[in-house]
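The whole structure should be built from the sequences, with the hints applied where relevant.
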Amino acid sequence: MGLRIPPHYQDAESTYAIKRRWVDHKKFDRDAYFEAIDDFKVHLARVHPGSGEVGHRSIVGMIAMMIDEEQSLEQYIVASRGPQMQNDDDWTRLSTAAAWYVLQRYEREVERGDWP
Amino acid sequence: MRASDRALMTPEEIEAATEDLAALARRRGRSLRANTTVDEGGGEGLRSGHSRARVQDQLTELLRQSLEDEVIATPSVEDGEIEETELSRELTKKALVNLKVTTLRRLAREQQVAVSGAAEEVAERVARALEWNEGEVAQLVLAHESEPSPERSWTSRLFPTAVMGDRDSIWESLRKLAGRYIRVGVARWFVFDSIDEGRRGSVSVQGSYRAYQASVHESKGGPSLQAVPHQVQTSSSVGAGKWIRVDRGGVQAAKATARALGHATGIRPLNGLPTPRASAVGDNARGVHPYSLLMLDMLASGLEGIELRQRDISSARFRVAEEPLLADAEDVDTSPKLRAVSFEGRHLLDSVHACRLISRDGRALVGVSLSVSASREGRTGRMPVRLALENDHITVTTGYGTNPEVAAAVHERLVSEVAARAVDGGLIGGDRLNGLLGLVSQRASEDAAPAQASMLADPEAV
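Keeping their order, the protein sequence lines are chains A and B.
According to the working numbering, the stretch in the first sequence is residues 1 to 116, in order.
According to the working numbering, the stretch in the second sequence is residues 1001 to 1462, in order.
Be aware that one or more of the hints could be misleading.
[Unchecked claim] Computed Cβ-Cβ distance ranges for the label pairs, DEER-style:
#, chain 1, residue 1, chain 2, residue 2, range
1, B, E1134, A, D31, 40 to 48 Å
2, A, R46, B, G1250, 51 to 59 Å
3, A, P116, B, D1079, 45 to 53 Å
[Unchecked claim] Derived, one-sided and incomplete: chain B residues facing chain A with beta-carbon distance under 7 Å:
#, residue
4, A1022
5, A1025
6, R1026
7, L1032
8, V1055
9, L1067
10, E1070
Calculated directly from the structure, the hints in this document are not laboratory data.
Ideal Cβ positions, reconstructed from N, Cα and C, are used throughout, including at glycine.
Here is the structure:
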């Protein structure tokens, strides 16, 4: 059972095929994102010195920021849907939704032994 | 993550951690962008029209919120008060947490947020989905209350009596007691504050029940008795039918009020509820406990008669052992006993188990809580209602719901419907009751409940 995507982010896949055509696409820089996630976990663990557990939402928050800054998701969406399709809130939600799918792929590959 | 595992952090530390983590994530993103070959257009590639600064702020805020949820924040006390925003959010959550967990999860599903986790977590997700809008949350809570809360409801108790009494003699008996009190038990009194004309030819009494707990207090001078007073205002009426009606106050105050009115007028409450005549219903009533008949009659014809719709029974209480009806009977038997069982859920009358208890086992259905919708003069409201058959009285409780004016009208009609049945043989459901009994009997013989509840479906939906 992989990481469950919160229901209100699932339409990002049905509407924009974010998982199929961006996260799972061969051009997606999987290694760069996965290395970053490893790094994020180390930094987040310092915020939780007692348990060492890191919440999914915080990692997702950081991945979403990375996605926003990296801009390849933006290019994918604009190329497929046009430049004026989304407002600021939509972009925040799309970046966060994409981050959930990235983390889901990361956890799946860690579980299978495909990463690191 | 357990609360005990969480780190303690001040808001300033959370803010600093958020900034550090956000800077790290953005550095990673920029670095990756610098190393990536852009598909088309070169340079920045394709761009959308959104505000990059605004999105950055929103993502930073989301990260800060998630960090806040994962640690225990320790804000400083300002002017001795909890920080206003935090207080407001916690109160919003508290209102949601007061709902039943099943209801809360249903709301979470409706808001398309995750339904799993403890009630507090689910409440937080629902509140966040509603952007912490107190008005919207309040409406949601009111529309989904399955039980009337004591502070937002009307409660009326009807104590059946053997006779109705003559209005003039009741008036004369009570009038002279205004400003006087009588003792109704050990260290318990009822004070007749005022006597007035009541509705439907009744006489109404405003009064107060005063009781004292006596405890032994140890002091240097030796042990002494200390009185702990308890006072409750009640509003009651007698003379409109073969019952005494008591509004407001808890069960003890209501019983004391009914007893006081009985002493004063000679119209004494019965020791138990009148037994409905099952023979008036037909074969479907065979083996069904008389109290279940009374309750089903209310559900079948009483609620429909006052046009209550979308009736959803969320709890049902069955008495599984017959107990002496004397309210104050001393129980010296110390053997374990199961006296009642309660079911909780949705559309409980459609439950096979509930129907078997009614139809096959002949258990007494003595309490139901349900949500109903009603319309009055163009206004609609949804409200929780509870009906309970006690040893010597029937309780009707109606929550204010989403429209207190509509709920007030519904409460009065419900009390009238119950009053009409709180007399000897008072089943008036006829074909409706008979039909419902037939459905209950049929459901009891089935293996599983249907996918769609149908037992109390609205007439137009059948």
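Against the structure, the hints come out as follows:
For E1134 of chain B paired with D31 of chain A, a C-beta distance near 47 Å keeps the hint of 40 to 48 Å intact. Checking the proposed 51 to 59 Å range against R46 of chain A and G1250 of chain B shows it holds: the Cβ atoms sit about 54 Å from each other. The supplied range of 45 to 53 Å is met by P116 of chain A and D1079 of chain B, whose beta-carbon atoms lie about 51 Å from each other. The criterion of a C-beta within 7 Å of any C-beta in chain A is met by A1022 of chain B, whose closest approach is roughly 6 Å, and the hint holds.
Residue-level restraint check for A1025 of chain B holds (minimum Cβ-Cβ distance to chain A is 4 Å; threshold 7 Å). For R1026 of chain B, the interface hint holds, since its Cβ comes within 7 Å of a Cβ in chain A; the closest pair sits about 5 Å apart. Look at L1032 of chain B: its Cβ gets to within about 5 Å of chain A, closer than 7 Å, so that hint holds up. Hint status for V1055 of chain B: holds, given a least beta-carbon distance of 5 Å to chain A, under 7 Å.
With a least beta-carbon distance of about 6 Å to chain A, the hint placing L1067 of chain B at the interface is held under the 7 Å criterion. Here the hint on E1070 of chain B is kept, as its CB sits about 4 Å from the closest CB of chain A, short of 7 Å.
The structure fails none of the hints (numbered hints given earlier).
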